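Novice: Single-letter residue listing:
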Amino acid sequence: MNHDAVLEQKKIMESEWGGGKAPFGVSWRKYMMWIFIVSDAFTFGAFLAAYGLFRVTSAGWPDTYEVFTAFPFIGVEAPMLFVAMMTFILICSSFTMALAVSASYKNDRTKALKFLGLTILGGSIFILCQVYEWYHIIHDGATMTSNPWGVPLFSATFFMITGFHGLHVLSGLILLTITALKVKRGFYERRGSYEGVEIVGLYWHFVDLVWVFVFTFFYLL
Amino acid sequence: MSSEQASLHVDIEHHKESFISKYIFSYDHKMIGKQYMITALIWALIGMGLSWVMRIQLAYPGQQIPIFETLLGRYAEGGILAPEYYIAMMTMHGTIMVFFVLTAGLVGTFGNFLIPLQIGARDMAFPLINMLSYWTFFLASVVMLLSFFVESGPAAAGWTAYPPLSALSSAIPGSGAGQSLWLLSIALFIVSSLFGSLNYIVTVLNLRTKGMTLGRMPLTVWAVFIAAILGLLAFPVLLAGAIMLLLDKHLATSFFIPAGLYVGDALLSYEGGSPILWQHIFWFFGHPEVYIVALPALGICSEVIATCARKPLFGYKAMIASLLAIAFLSFIVWGHHMFVSGMNPFLGSVFVLTTILIAVPSAVKVFNWLTTLWRGKIHYTPGMLFAMGLVSLFITGGLTGIFLGNAPIDIQLHDTYFVVAHFHFVMGAAALFGIFAGIYHWFPKMYGRMMSNMWGRIHFWLTFVGIYLIFFPMHFMGTTGVPRRYYAFTEFEYTMQYGGMNEFITIATLITGAAQVIFLVNFFGSMFFGKKAETNPWKAATLEWTTDDPMPGHGNWKGEIPTVYRGPHEYSTPDGKEDFILQTDSTGFGKMDKE
Ligand code: HEM
Ligand SMILES: [Cu+2]
Numbered sequence: 548m549n550h551d552a553v554l555e556q557k558k559i560m561e562s563e564w565g566g567g568k569a570p571f572g573v574s575w576r577k578y579m580m581w582i583f584i585v586s587d588a589f590t591f592g593a594f595l596a597a598y599g600l601f602r603v604t605s606a607g608w609p610d611t612y613e614v615f616t617a618f619p620f621i622g623v624e625a626p627m628l629f630v631a632m633m634t635f636i637l638i639c640s641s642f643t644m645a646l647a648v649s650a651s652y653k654n655d656r657t658k659a660l661k662f663l664g665l666t667i668l669g670g671s672i673f674i675l676c677q678v679y680e681w682y683h684i685i686h687d688g689a690t691m692t693s694n695p696w697g698v699p700l701f702s703a704t705f706f707m708i709t710g711f712h713g714l715h716v717l718s719g720l721i722l723l724t725i726t727a728l729k730v731k732r733g734f735y736e737r738r739g740s741y742e743g744v745e746i747v748g749l750y751w752h753f754v755d756l757v758w759v760f761v762f763t764f765f766y767l768l
Numbered sequence: 232m233s234s235e236q237a238s239l240h241v242d243i244e245h246h247k248e249s250f251i252s253k254y255i256f257s258y259d260h261k262m263i264g265k266q267y268m269i270t271a272l273i274w275a276l277i278g279m280g281l282s283w284v285m286r287i288q289l290a291y292p293g294q295q296i297p298i299f300e301t302l303l304g305r306y307a308e309g310g311i312l313a314p315e316y317y318i319a320m321m322t323m324h325g326t327i328m329v330f331f332v333l334t335a336g337l338v339g340t341f342g343n344f345l346i347p348l349q350i351g352a353r354d355m356a357f358p359l360i361n362m363l364s365y366w367t368f369f370l371a372s373v374v375m376l377l378s379f380f381v382e383s384g385p386a387a388a389g390w391t392a393y394p395p396l397s398a399l400s401s402a403i404p405g406s407g408a409g410q411s412l413w414l415l416s417i418a419l420f421i422v423s424s425l426f427g428s429l430n431y432i433v434t435v436l437n438l439r440t441k442g443m444t445l446g447r448m449p450l451t452v453w454a455v456f457i458a459a460i461l462g463l464l465a466f467p468v469l470l471a472g473a474i475m476l477l478l479d480k481h482l483a484t485s486f487f488i489p490a491g492l493y494v495g496d497a498l499l500s501y502e503g504g505s506p507i508l509w510q511h512i513f514w515f516f517g518h519p520e521v522y523i524v525a526l527p528a529l530g531i532c533s534e535v536i537a538t539c540a541r542k543p544l545f546g547y548k549a550m551i552a553s554l555l556a557i558a559f560l561s562f563i564v565w566g567h568h569m570f571v572s573g574m575n576p577f578l579g580s581v582f583v584l585t586t587i588l589i590a591v592p593s594a595v596k597v598f599n600w601l602t603t604l605w606r607g608k609i610h611y612t613p614g615m616l617f618a619m620g621l622v623s624l625f626i627t628g629g630l631t632g633i634f635l636g637n638a639p640i641d642i643q644l645h646d647t648y649f650v651v652a653h654f655h656f657v658m659g660a661a662a663l664f665g666i667f668a669g670i671y672h673w674f675p676k677m678y679g680r681m682m683s684n685m686w687g688r689i690h691f692w693l694t695f696v697g698i699y700l701i702f703f704p705m706h707f708m709g710t711t712g713v714p715r716r717y718y719a720f721t722e723f724e725y726t727m728q729y730g731g732m733n734e735f736i737t738i739a740t741l742i743t744g745a746a747q748v749i750f751l752v753n754f755f756g757s758m759f760f761g762k763k764a765e766t767n768p769w770k771a772a773t774l775e776w777t778t779d780d781p782m783p784g785h786g787n788w789k790g791e792i793p794t795v796y797r798g799p800h801e802y803s804t805p806d807g808k809e810d811f812i813l814q815t816d817s818t819g820f821g822k823m824d825k826e
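In the order they appear, the protein sequences are chains A and B. Counting from 548, one number per residue, gives the positions in the first sequence under the working numbering. Counting from 232, one number per residue, gives the positions in the second sequence under the working numbering.
It cannot be assumed that every hint is accurate.
[Claimed, not checked] Cut-off 30 Å, straight-line C-alpha distance, at most; resulting in silico cross-link-like pairs (DSS-like, lysine-lysine):
#1 B:K253 x B:K548
#2 A:K558 x B:K789
#3 A:K557 x B:K548
#4 A:K577 x A:K558
#5 A:K577 x B:K548
#6 B:K265 x A:K577
#7 A:K558 x A:K568
#8 B:K808 x B:K608
#9 B:K770 x A:K558
#10 B:K770 x A:K557
#11 B:K789 x A:K577
#12 B:K789 x B:K253
#13 A:K557 x B:K808
#14 B:K789 x B:K265
#15 A:K577 x A:K661
#16 B:K789 x A:K568
#17 A:K577 x A:K557
Hint data in this document are derived by calculation from the structure and do not stem from the laboratory. From a predicted model like this one, the values you see are computed outputs, not experimental measurements.
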C-alpha cells in the first residue's frame, strides 16, 4: 500500500468530516432544529409571497395606519402603537432567551430558570395582545371574507398569517414550559449538557424573527 | 464511535422485542424501510388498477364492461364509467403514483433501509420520529383511501389540484368532500416527509462511521440526501398552498378564486384571488418533487451499474456534482409548466433557459453510466437489467423534455398525449425501474434470501418492452393534438383515427400489468422460500454487505462498526485479490484505527 494513501487516511480520520464524530461538535439535535427552521421559513415565505402578490394586484389595499389604531385603556386612537409594543415585547423575550441560554451554559440553574420564566412571560403577553387585536378587528367587522376597510383578502391574509405565526408562538410557549420544567428538575444537569435549552432558544429566535418580517411587510409597509 | 451511537447500541442489546414493537411500531430503520416498501407496493397495485380502468375506457368507450360495475359500483353504473369519474380515477391514479408509490417507494424505502447501513450507523439519528414518519404516511394513505368511499367520489381536479375545480365545492362532484380529504391527506403526507427528511439529513451529517467522508458515500446515499433537502424546501411551500386552498374551500376566502366566476347561472361572490398563484405555488413544489423521486432512482441506478459492471463508477465526483446541479436548477424551472398560463413571454424565455440547462447535468449522468458500462464485465442480474432499462427510459423521456422545455413547442404540445408520454417515461417508468432495481439488488439484505434471477429477467423484459409499447405511440397522438385528460376520443374526427392505436395501447397495458404478477410471486415467494443469501451475494464493495449476518438484526453490526478506508465503488482494481475491494478493507494501512 502506498504511503500517500496511509497519510490521506490519517488526515481523513482526524478531519471534521472524516466520520465517527459530529462535524464541528454540533449534535444532530441542533442540526435538526436548524434544518427544520429553514424548512419552516419556506412555509412562511410562501404565505408572505402570496400576501405580496395580493397586495400588489388589489386596487385599494387598506391603509394599516387606519386599521390598527386601537390601544386599550387610553381612549384615543394611536395608529400602530399597540403592535409596535407587541413587537417590542417579543424582541425582549428573545433577549431574555439568549440570557437563559448563557446562564444555563454556566450551570446557573436559578438564573436560567428566571430568564426562561421571563421569556415565557413575554411570549404569553404577546399572545394575549394578539388575542386583543384579533378581538378588536373582528369587533370592527373583519371576517375571512370581508372587512369594512376594503379588499376582503386584506383580512383573510391577516388572519391566516398572524394566525399561523400565533400557532408557532403557542407551540414555542409549550416547548419553553417543558424545557423550564426539565431545567428545574435537573434533567440537563444529569445529562451533562444544556444543549436542549439552546435548541429551544433557536426555535424561539426564529419565531421572533418571522414576526419582525410580518410586522415589517404587513403592518409597516 | 460517537457516544450517541454507543448508547443506542446498549439500548438495543437489552431490549426484548414484542411482535408489536418489532413489526408494527418498530424503531428499526430496516423494518421501517420495509413497511414503506410494502405499503408502496400495495398502492402501486391500486394505481395500476386505476390505469386499467382508464385504458379500458379509452379503448372501448361507451361499451358495457360488467366488471366495472362490480368493482366501481356507482362510479360505473351499467358497466359504463361516468365521465366525471374518469377524471376522478385519473386524479387518484396520478396522486397515488407520484406520492404514495414513487415518493414512498424510493425515498421512504431506500432512504430508511440504506442510509444507516451504507454509512455505518446503528440506526437513524432519531428513531422515534422515523417511526412517526411512517405512521403519518400510513394515516395519509388511509385518508386518501377513504376518499374513494365518500358520497360524491374522490378528488377530480387532477393531481395538480388546480383551482377553481379544487377550490369550489360545488364545481364538480369530486370538488366536494373528495377534494377536502385529498388536501388533508397531502398535508399529512407533507408532515411525514418532513419527519423523514430531517432524519435522513442529520443522520448523514452526524452518524457516519470513522473514515466515511462525504466523498466516500455510495451514490444512493448522496441521492437520497439531496432528495431529502429538496423535500425539505419544496414540501412546505405546498403545505402553505394546501392550507390556503382548504381555507378557500371551507371558509370561503378567495385566495385562488377570481372575481366574476359563475357556477351554473349563479355569480359567485368571490373577489380578488388568483388561480395562477396556485399554479406557481404548486409547481414550485411540483418540479422539485419530480426530482425527489428521480434522484434516488438515479442514485440506485449508478450504484447497481457500477457493481454489476464490475467497474469503478465513471466520474463519481461528476455524478455528485450533477445531482447537486439538478437539485439546484429544479427550483428555478417551475414556469415551464405554465407557458400557456398567460405568462409574460420574456419570463417564459428565462424559464426555457433554466429548463434546457438541466439537460447538461442530466447528460453528464447518462454519459457516465454509458462509460461505466463500456467494456465492463457485465453481470446481467435483474437489478442490473432494470438499472440499464432506467438509463434507456431516462434518455427517451429526457429527449422529449427538451421539446417541452421550449415554450414555442410546448404551446403546441401542452396538455396533449405528448406530455403524458413524456412524464410517464422520465418520471413514471424511470423511477419505477429505480424501485425495481433497488428491490432486486437489496432483497438479499432485506430478507436474507435471493429472488429468482430467471423470473426477474422475464419480468424485466416484459415490463421494459411493455412500457415502450404503451407510451411510445402516445408521442404521435400528442403531436397531432390529441388532448390529455379526455374521457373518450369519439367526438372529433382527428382523434377518432386513433381508435386502433388506443386499443393497442390498452392491450399492451393489460399484458404489462399482468406481468407484474411474476414480480409479486417472485417477491413474496422468495421472502419465504428463496435460496438463502450469502452476506455479499453481488460481491459489492459498500458497507451494507459487511454485516455479520446476511440479514442484519437491530443495530446492524454485532461488534464494532467497521472503519472505512476507501471509496464506495472500487471494482476491478489492480491491487485487489478479487475484482472488488470492500470499503472496510484495511490491507496496507496497518493498525491505524486503534487510537
Ligand atoms: C404502466 C402503467 C401506467 C399506465 C398504463 C398509466 C396510464 C395513465 C393514463 C391512461 C393516464 C391518464 C391520461 C389522461 O387521461 O390524460 C395517466 C395519467 C397519469 N399518470 Fe399514469 N400510467 C401508468 C403508470 C404511472 C406511473 C408509474 C406514474 C408515476 C409517476 C404515473 C403518473 C401519472 C400522472 C401524474 C398522471 C396525470 C394525472 C393527471 O393528469 O392529473 N402513471 N396514466
Ligand atoms: Cu417541471
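Novice: It remains to establish, for every hint, whether it holds in the given structure.
Specialist: Outcome of the hint check:
1. B:K253 x B:K548: Judged against 30 Å, a Cα distance of about 39 Å means the pair is violated.
2. A:K558 x B:K789: holds, 28 Å
3. A:K557 x B:K548: Distance ~22 Å between K557 of chain A and K548 of chain B Cα, so the pair holds.
4. A:K577 x A:K558: It holds: about 26 Å lies between the C-alpha atoms, which stays within 30 Å.
5. A:K577 x B:K548: With Cα atoms ~29 Å apart, K577 of chain A and K548 of chain B stay inside 30 Å; holds.
6. B:K265 x A:K577: holds, 29 Å
7. A:K558 x A:K568: The hint holds at about 14 Å.
8. B:K808 x B:K608: holds, 16 Å
9. B:K770 x A:K558: holds, 29 Å
10. B:K770 x A:K557: holds, 27 Å
11. B:K789 x A:K577: This hinted pair holds, its Cα atoms lying about 29 Å apart.
12. B:K789 x B:K253: holds, 18 Å
13. A:K557 x B:K808: Distance of about 24 Å is within 30 Å: holds.
14. B:K789 x B:K265: Holds, because 21 Å separates the two Cα atoms, which is no more than 30 Å.
15. A:K577 x A:K661: Cα-Cα ~23 Å, so holds.
16. B:K789 x A:K568: holds, 20 Å
17. A:K577 x A:K557: holds, 28 Å
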